[in-house]
Amino acid sequence: MHAHLASPFWTTITRFGEAGILLPCAALIAVGLLATTREWRAAAAWVLPLGIAVAVTTASKIAFLGFGLGIASLDFTGFSGHAMFAAAVYPMLAWALMGRGRPRLRAVVIAFAYALAALVAVSRVRVDAHSPSEIVLGFTLGALASAAAMHALREGAEFTLPPVLAGVLALWLGLMPHEPVLLPSHEIVTRVSLKLSGRTKPFTRADLHRKGLPSLG
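Residue numbers for the sequence shown follow my numbering, so the first one is 1 and each next one is one higher.
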């Protein structure tokens, strides 16, 4: 990938996929589910697939940054966390906000949420943070998480995020992308990777394409 100066549009859009912004939104959905249904199983139906997606994404990053395990032929160094979080959280937010809406309208809003997530995924290529394979796989992983949660919760079609929580959510998403990064997730994962591998420097994309580096493909 060749560095270039990303436009303000893409640098703004890409922030809507940050873990520090979307993890609180994911927690808000879980709280709303628990408060409305009074059942831990409802919240778990959302938290579990999201947790699996986060674990897979983090493991893929650690595998490359700490141990150099990637797929050179796909230019793959790990699932895009921004793409994964966007595809997992935004559709679920749409589902939660449109709980009492007409089924067709609800489907349209959820589709729009997936489109927004796709835009966030594309932004990761535009700002030179990821390769196409990394955003496609990250988006797919997140989409599977949100789809699994919505399928598991299909019997609770009347669930709607309480107005107070919806207002907090709108304020959060309106303000946070314009504030400093809340959670330096990449730096945290890099430190963990180096700690686990015993290396002093993380592997880079250039290392992936250097002859002799262990590769998964």
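It is worth saying that the hints were derived from the structure and are not from the lab.
Positions of the beta carbon are idealized from the N, C-alpha and C atoms, including for glycine.
A couple of the hints might just be wrong.
[Said to hold, decoys possible] Now the in silico label distances, taken between C-beta atoms and shown as ranges:
| # | residue 1 | residue 2 | range |
| --- | --- | --- | --- |
| 1 | S73 | H186 | 21 to 29 Å |
| 2 | V108 | S73 | 33 to 41 Å |
| 3 | D75 | L48 | 48 to 56 Å |
| 4 | P163 | F67 | 44 to 52 Å |
| 5 | A111 | R38 | 27 to 35 Å |
Evaluation of the provided hints:
1. Between S73 and H186 the beta carbons are some 24 Å apart, a value that agrees with the proposed interval 21 to 29 Å.
2. As the Cβ distance of V108 to S73 is approximately 38 Å, the hint placing it in 33 to 41 Å holds.
3. Checked against the hint of 48 to 56 Å, the pair D75 and L48 fails, with Cβ atoms roughly 31 Å apart.
4. Between P163 and F67 the beta carbons are some 48 Å apart, a value that agrees with the proposed interval 44 to 52 Å.
5. For A111 and R38, the Cβ-Cβ distance of about 30 Å falls inside the hinted range of 27 to 35 Å, so the restraint holds.
The structure fails to meet hint 3 from the earlier list, while all remaining hints are met.
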